[in-house]
Amino acid sequence: MARYRNIVVLTGAGISAESGVATFRDAGGLWEQHRIEDVATPDAFQRDPDLVQGFYNQRRAQLFTVDPNPAHIALGKLEQLLDGTVTVVTQNVDNLHERGGSKNIIHMHGELSKVRCRHCSIVVEWLEDCTQETRCPNCSDAPALRPHIVWFGEMPFDMERIESLLYACDLFVSVGTSGNVYPAAGFVSAVRSTGVAHTIEINLEPSEGASYFAETRHGKAGDLVPALVDELLE
Numbered sequence: 297m298a299r300y301r302n303i304v305v306l307t308g309a310g311i312s313a314e315s316g317v318a319t320f321r322d323a324g325g326l327w328e329q330h331r332i333e334d335v336a337t338p339d340a341f342q343r344d345p346d347l348v349q350g351f352y353n354q355r356r357a358q359l360f361t362v363d364p365n366p367a368h369i370a371l372g373k374l375e376q377l378l379d380g381t382v383t384v385v386t387q388n389v390d391n392l393h394e395r396g397g398s399k400n401i402i403h404m405h406g407e408l409s410k411v412r413c414r415h416c417s418i419v420v421e422w423l424e425d426c427t428q429e430t431r432c433p434n435c436s437d438a439p440a441l442r443p444h445i446v447w448f449g450e451m452p453f454d455m456e457r458i459e460s461l462l463y464a465c466d467l468f469v470s471v472g473t474s475g476n477v478y479p480a481a482g483f484v485s486a487v488r489s490t491g492v493a494h495t496i497e498i499n500l501e502p503s504e505g506a507s508y509f510a511e512t513r514h515g516k517a518g519d520l521v522p523a524l525v526d527e528l529l530e
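No gaps in the numbering here: position 135 of the sequence shown is 431 in the working numbering, and each next residue is one more.
These are computed hints drawn from the structure, not numbers from a lab.
Glycine included, C-beta positions come from ideal geometry on N, C-alpha and C.
Mixed in with the good hints there might be a few duds.
[As the list claims (entries may be wrong)] Computed beta-carbon distance windows for the label pairs:
id : residue 1 : residue 2 : range
1  : Glu459    : Arg431    : 34 to 44 angstroms
2  : Phe448    : Asp425    : 17 to 27 angstroms
3  : Glu527    : Val420    : 37 to 47 angstroms
Whole structure, please, built from the sequences with the hints as guidance.
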């Protein structure tokens, strides 16, 4: 394990669920009692911006009620101590990786702690409530601000950079992902196509894409990620 020097870690809802963050949606297709179509699409924001802003205000406030768990902290430690490069590519929109010590992070689905102006395109840190009356701190327009979140029907952020990292890595680790949401579900296939990198899945149970990984470890991320990090730092 100690030979790896260019590591990409993909994280999903499973790693944050252990910190108490609600998973993306429950078995009934709801997201914290809301239909996905009502709070997570561009059409929803155009149709009822107050509902959507209120939903994300609530989720943003929840960031103050949760803490990084041992898996987040272990990945921060790995980035700090590895004689090489560690990049966390996360599908999560919380800030638990940052609070766990990681700095080299790509939030492919956006960040709850930021808002974006639809007029001047500035992206700013934002930990308070945001409404249609809130003016953009840059251009002063209102209504202008929207959650800096990738909604259904929108392109994930930084895909070209992510693709370059996948083809260059020598170890790819997927933590807490379902394996059925694209494009992230296809990352392991991209890595395998190089014929160079080792691939590991860490999940509570086998994901839909488990068979694509050379190695699978099933259990809690809070237990298995720190153990893997210790192996990598030996």
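Here is what the structure says about each hint:
no. : hint                                : verdict
1   : Glu459 x Arg431: 34 to 44 angstroms : 37 angstroms, holds
2   : Phe448 x Asp425: 17 to 27 angstroms : 24 angstroms, holds
3   : Glu527 x Val420: 37 to 47 angstroms : 39 angstroms, holds
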